[in-house]
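There are 2 protein chains.
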Amino acid sequence: LESGRMRRLKPMLHSLSPAEIGLLLESIPRTKRELVWRLVPEDDHGETLLHVNDEVRAELIDALDDDVLLAATEGMPIDDLADLIEDLPEQVTREVLHTMDLDNRERLEAVLSYPPDSAGGLMNNDTITVRPDVSLDVVRRYLQQRGTLPDDTESLFVISRYGRYLGMLTLAKLLTLDPERDVSEVMNTDIEALPVDMSAAQVAKRFQDLDLISAPVVDENEKLVGRITIDDVVDVIRDEAEHSIMSMAGLDEEEDVFAPIARSARRRATWLGANLLTAFLAAQVVGLFEATLSQVVALAVLMPIVASMGGIGGSQTLTLMIRGLSLGQIGFGNAKTLLIKELAVAIINGILWGAVVGVIAQVWFGNPTLGVIIAVALVINQIGAAIAGVAIPLAMKKMGIDPALAGSVVLTTITDVIGFGAFLGLGTLFLLR
Amino acid sequence: LESGRMRRLKPMLHSLSPAEIGLLLESIPRTKRELVWRLVPEDDHGETLLHVNDEVRAELIDALDDDVLLAATEGMPIDDLADLIEDLPEQVTREVLHTMDLDNRERLEAVLSYPPDSAGGLMNNDTITVRPDVSLDVVRRYLQQRGTLPDDTESLFVISRYGRYLGMLTLAKLLTLDPERDVSEVMNTDIEALPVDMSAAQVAKRFQDLDLISAPVVDENEKLVGRITIDDVVDVIRDEAEHSIMSMAGLDEEEDVFAPIARSARRRATWLGANLLTAFLAAQVVGLFEATLSQVVALAVLMPIVASMGGIGGSQTLTLMIRGLSLGQIGFGNAKTLLIKELAVAIINGILWGAVVGVIAQVWFGNPTLGVIIAVALVINQIGAAIAGVAIPLAMKKMGIDPALAGSVVLTTITDVIGFGAFLGLGTLFLLR
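Protein chains in written order, with our numbering: chain E, 1 to 433; chain P, 1 to 433.
Where hints are given, some of them may not hold.
To be verified - Quick partial rundown of chain E residues pointing at chain P, CB under 7 Å, derived from the structure: (1) Ile-191; (2) Glu-192; (3) Pro-195; (4) Met-198; (5) Ile-261; (6) Ala-300; (7) Leu-325; (8) Gly-328.
Derived from the structure by calculation, the hints contain no laboratory data.
We put the beta carbon where it would ideally sit given N, CA and C, even for glycine.
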């Protein structure tokens, strides 16, 4: 960035939200990030670090001085601070804890004691609690005296004398209902508390299913330990969906788009290597038919078509399965019904496009037998693709492997092997003189 | 479902949320859905219809009597009703409008006048408004008198005498600040109103960027017309992410997993047909080298490897681009920098895996020239794949086509053509005697 553009950048950065600054940092090459960072308003430092992906964050933290980092953490909510602090250098973490008051330090340590992808890791423990046996008027006077509430507070939590979660009291009810009534009469007891060890994915599902805005988190003794607000859950929902897209191409959703070339190359190499193994398997199948191929070259010309159609058909079934599994639409219980449907679809489309390809092949090479063979091979491969598309993700799920991550590589191997095998095998049987 | 299981189902359905019932309906075969629907508690009818995908909803609506549908719409919030009503039979819609009071009908008609995927279509117009020149105490007494607030109200909206949006007043502030102060002193003016014609995707981005829970919607004259709450935005965020995953396999995210076979087959046929065209293009390239293939069969055996490695490398770049474009990380401005990085990664991995494949090919077929040729072809194809992976989505974006929808088909065509062309072309030059 030339100095002229830099001068215009500074006021622009002041008008952007930390999320937008984060996106800007992700979208410029590595070499320029430090320059731009220096123009980011200090107040936005902490939140901006939260909004960039893991790799860019690590890079910025490396480049920043300890006292800049320490200043960035000031005034951050506990749940956000908990996310950030694990990435900070140890020296800075110690400083942060040192400068906090005892109360906040204990709250931070409580959040840090849970895995980041659990309800405990997502929660903030700045809950405002009230007792069930007081009147709304008492609660109102208490809040008036308090003078301020934590961000995004739209409900208070009702707890027993022993800290057990009993219900929620929305601020809306507090303002509209008769002040003489007791909290216990008007509190909402419908919303079940989330166990502190619930997975982040399940928390996200609960929020979506019940359209929650905030929810209480309890420990194994039903004691209220914190609350989760929807803004933290939105990030989980987004990350989950992106994880599937990126995994299916062997990528990591936390990867920096402008990661150093060597690092990107190393990561992608693994994926290409895994694919190479499966490609060699397919080549080996083709190799079995060398003698046939040298006599009927048309088979070599047409064989990519059979393999490719199988791959496309299979990946449609696979994608439907991966999404259905993650939404909970599909499980072991209804997989058989789905398999039957997918098989029927595969057979119909196999016959349809098999016929089309068969006619074209026959005209192209003037060989009716070749046309029939490619049509039959295409049908066989569509059927194999449907079975593989349903079976692979279920098998992987059973083995505890993420189907989005490796499903497509395994699937293409199978459709390649079946496609080449069926087409060249039939060719060997019926076309060799 | 046998009658014993049906008996157990009824109490289970009563304990599920509408979202969970919706998921259950999506995950059972079509033939059983009507049976299960009869056991769904009537109170949940409306919301359950909202939680199933478009196809299942249409199917259920078809099967239900008009009076059941009419009953289902009772008591639904305006924004939800607006989503549902467009799918109802005309007769029912007329009934619904007829039975509503004038006030609600006008509000519903206002929401219906905007496209569903705009801020106007997402919003609910049940806002509680206050004037800036009254004291908090007056507002409190007004709410007390009102006795109830719309669901998920955590802020009031401050408007001028002419209905212009001025700011937001959180219930938290209303409860904690000095009641003698005026609304105008304490209202939050940071949150910009969303224009009523803003796209749903942009609304979602704004909510995520600013961690909003609700936001005001204004018309072209800055007049407040409604509010959007985060629970509606969460659905948009989810749908967007799913749209990419499903589009990349030529599927529709609103498709019923158990759609009728004929309908599924017809839809998938289009995708397979598009792919067939491109597969024939690749086959035609192979066909150019028939003479070479009949002399050097090893080329036929190895050619799928070159094509497949190109496809995998290219789809990694493509996925990175599709996601980067949708997040806003990548645009025309920084595409060149990204292209250079992707090219470097492609060259490194091309050389690495080209060398591996080259050595294996040489050992397998005992032909050193063949090893060199496949290595060079692999490098060329990786380079082509990187260029195509960056260029295709940008070109599609410029043409207004969704890169997620057709990107992968175009990409594989290009990597197949380059892969087969380079490998067989080099083979013809250097291996023919």
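Each hint tested on the structure:
1. Interface hint at Ile-191 (chain E): violated, since its Cβ lies 11 Å from the closest Cβ of chain P, which is beyond the 7 Å cut-off.
2. For Glu-192 (chain E), the interface hint is violated, the least distance from its beta-carbon to any beta-carbon of chain P being 11 Å, above 7 Å.
3. With a cut of 7 Å, the hint placing Pro-195 (chain E) at the interface with chain P is violated, because the nearest CB-to-CB distance is about 18 Å.
4. Look at Met-198 (chain E): its Cβ only gets to about 16 Å from chain P, farther than 7 Å, so that hint breaks.
5. Because the beta carbon of Ile-261 (chain E) sits about 4 Å from the nearest beta carbon in chain P, less than 7 Å, this interface hint is met.
6. The beta carbon of Ala-300 (chain E) comes within 4 Å of a beta carbon in chain P, closer than 7 Å, and the hint placing it at the interface holds.
7. At its closest, the beta carbon of Leu-325 (chain E) sits 11 Å from a beta carbon of chain P; the interface hint therefore is violated under the 7 Å criterion.
8. Using the Cβ-Cβ criterion of 7 Å, the hint placing Gly-328 (chain E) at the interface with chain P is satisfied: the shortest such distance is roughly 6 Å.
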